[in-house]
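Peer 1: These protein sequence lines map, in sequence, to chains A and B. Using the numbering used here, the first residue of the first sequence is number 11, and each one after it goes up by one. Using the numbering used here, the first residue of the second sequence is number -19, and each one after it goes up by one.
Check before you lean on any hint, since a few could be wrong.
Claimed, not checked - Derived lysine-lysine pairs resembling BS3-like cross-links, with alpha carbons at most 30 Å apart:
no. : chain 1 : residue 1 : chain 2 : residue 2
1   : B       : K144      : A       : K68
2   : A       : K37       : B       : K58
3   : B       : K143      : A       : K80
4   : A       : K80       : B       : K144
5   : A       : K48       : B       : K59
6   : B       : K58       : A       : K48
7   : B       : K58       : A       : K68
8   : B       : K58       : A       : K80
9   : A       : K59       : B       : K52
10  : B       : K59       : A       : K37
11  : A       : K37       : A       : K59
12  : B       : K52       : A       : K80
13  : B       : K59       : A       : K80
Unchecked claim - Chain B is faced by these chain A residues, among others (derived, beta-carbon under 8 Å):
no. : residue
14  : I30
15  : C36
16  : K37
17  : F57
18  : G70
19  : I71
20  : L74
21  : L75
22  : P76
23  : F79
Keep in mind that the hints were calculated from the coordinates and are not lab data. C-beta atoms are modelled at their ideal positions from N, C-alpha and C, and glycine is treated no differently.
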Amino acid sequence: MVLSHAGAFRRAMKRDLMEILCCPVCKGDLELQVDVEKDEILEGSLFCKQCNHRYEIKDGIPDLLPPDFK
Amino acid sequence: MDRSKASVRATYDRIAASYAAARERPWDEVLDFITDLPAGSQVLDVGCGHGRHARPLALTGQSVVGIDVSRKLLSIGKKATSSSQDFRSIEWVGADATALPFPDATFDAALSIAVLHHLPSRADRLLAVTEMRRVLRPGAKAFLSVWSVDDPYLEGVLGGRPKKPDVEIPWRLPDGTTVPRPYHLFKDDELERLIIESGLEGESFFRGAGNRFALARANG
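Modelling step: build the complete structure from the supplied sequences, incorporating the hints.
Peer 2: Shown next as structure tokens:
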């Protein structure tokens, strides 16, 4: 895994963060969709196939609160 | 008052600007923890808010992922640090402490400062600590703090000693209106028990400035 190397983690973190994020519910992989990228991913989404839920990325901040957050 | 995670998010979104302005300085206890971490660690800050501890972590050479339920606090933190290369290693993520969006064994260290006491039930508080343990690599350190029920400061705010552990502490907005913040005040060995039940190994427990602290380690 790329992230086991701290150096690589720091160099390309903006993309690598997306690599370490997983679904907060099933902990499964997320499929990244990039809509706007400038140095970092500004707009897009992370989709969990298993839960069939799409997590939004807005202003460079992914929102990974579970769908049933209350 | 509605005691839920969503209400905590709504509260911190509402007070975010004045909270961030008034809570700039990192805690000495946290700086002591940070100082002991090897440079280049990947550190998770659970309930990072606007980054009062993420910033000193980044400045000491750590890669930081800060999570919080308050989108407003995250935005304030990100905006305040985006122009500086010193803070490039901070990532800001909207997430729930009880459902962390990271695989097992991802981080070299984790902290959760003044966060557990905002979770509405004991089950939530235990889940949050268990989630911290899950995402830590074997041998990784965790540092946690909660507000202690016997903090003398509370008597002034509540008009006497707290009669129950679940209280509301007002936050005053610049226009003078107050916003209640829900807290569960910790007593006796409550924090120690959460640590033990989570599977973390408690290394030391101590008090300071009305708070209770736990230093713990994830086992392999």
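Peer 1: Now tell me, hint by hint, if it's right for this structure.
Peer 2: A quick look at each hint next to the structure:
1. Restraint check: the Cα-Cα separation between K144 of chain B and K68 of chain A comes to about 40 Å, which exceeds 30 Å; the hinted pair is violated.
2. Taken as a hint, the K37 of chain A and K58 of chain B pair is honoured in the structure, with Cα atoms around 26 Å apart against an allowance of 30 Å.
3. Between K143 of chain B and K80 of chain A the CA atoms are separated by roughly 27 Å; this keeps the pair inside 30 Å, and the hint holds.
4. In summary, the hint linking K80 of chain A to K144 of chain B is supported, as the alpha carbons are separated by about 24 Å, within the 30 Å threshold.
5. A C-alpha spacing of about 15 Å is found between K48 of chain A and K59 of chain B, which places the hinted pair at or below 30 Å, so the restraint holds.
6. With a C-alpha separation of about 15 Å, the suggested pairing of K58 of chain B with K48 of chain A holds against the 30 Å cut-off.
7. Distance hint between K58 of chain B and K68 of chain A is fulfilled; the C-alpha atoms sit about 12 Å from each other, no more than 30 Å.
8. With a C-alpha separation of about 25 Å, the suggested pair K58 of chain B and K80 of chain A falls inside the 30 Å cut-off, and the hint holds.
9. Proposed proximity of K59 of chain A and K52 of chain B is supported: the alpha carbons are some 28 Å apart, at most 30 Å.
10. The hinted pair formed by K59 of chain B and K37 of chain A meets the criterion: a straight-line CA distance of about 29 Å does not exceed 30 Å.
11. With a CA separation close to 11 Å, the supplied pair K37 of chain A and K59 of chain A stays within the 30 Å bound.
12. A threshold of 30 Å between alpha carbons decides the hint, and for K52 of chain B with K80 of chain A the separation of about 17 Å falls inside it, so the pair holds.
13. Distance check on the hinted pair: K59 of chain B and K80 of chain A sit about 27 Å apart at the alpha-carbon level, within 30 Å; holds.
14. At its closest, the beta carbon of I30 of chain A sits 6 Å from a beta carbon of chain B; the interface hint therefore holds under the 8 Å criterion.
15. With 8 Å as the threshold, the beta carbon of C36 of chain A stays out of range of chain B, its nearest partner Cβ sitting at about 10 Å, so the hint is violated.
16. Look at K37 of chain A: its Cβ gets to within about 6 Å of chain B, closer than 8 Å, so that hint holds up.
17. For the restraint placing F57 of chain A at the interface with chain B, the shortest Cβ-Cβ distance is roughly 13 Å, beyond the 8 Å limit, so the hint is violated.
18. Among the interface hints, the one on G70 of chain A holds; its C-beta lies about 7 Å from the nearest C-beta in chain B, closer than the 8 Å criterion.
19. For I71 of chain A, the suggested interface contact is upheld, since its CB lies about 5 Å from the closest CB of chain B, less than 8 Å.
20. Hint on L74 of chain A holds. Least Cβ distance to chain B is approximately 4 Å, under the 8 Å limit.
21. With a least beta-carbon distance of about 5 Å to chain B, the hint placing L75 of chain A at the interface is held under the 8 Å criterion.
22. Restraint check, P76 of chain A versus chain B: the minimum CB separation of about 5 Å is within 8 Å; hint holds.
23. Here the hint on F79 of chain A is kept, as its CB sits about 6 Å from the closest CB of chain B, short of 8 Å.
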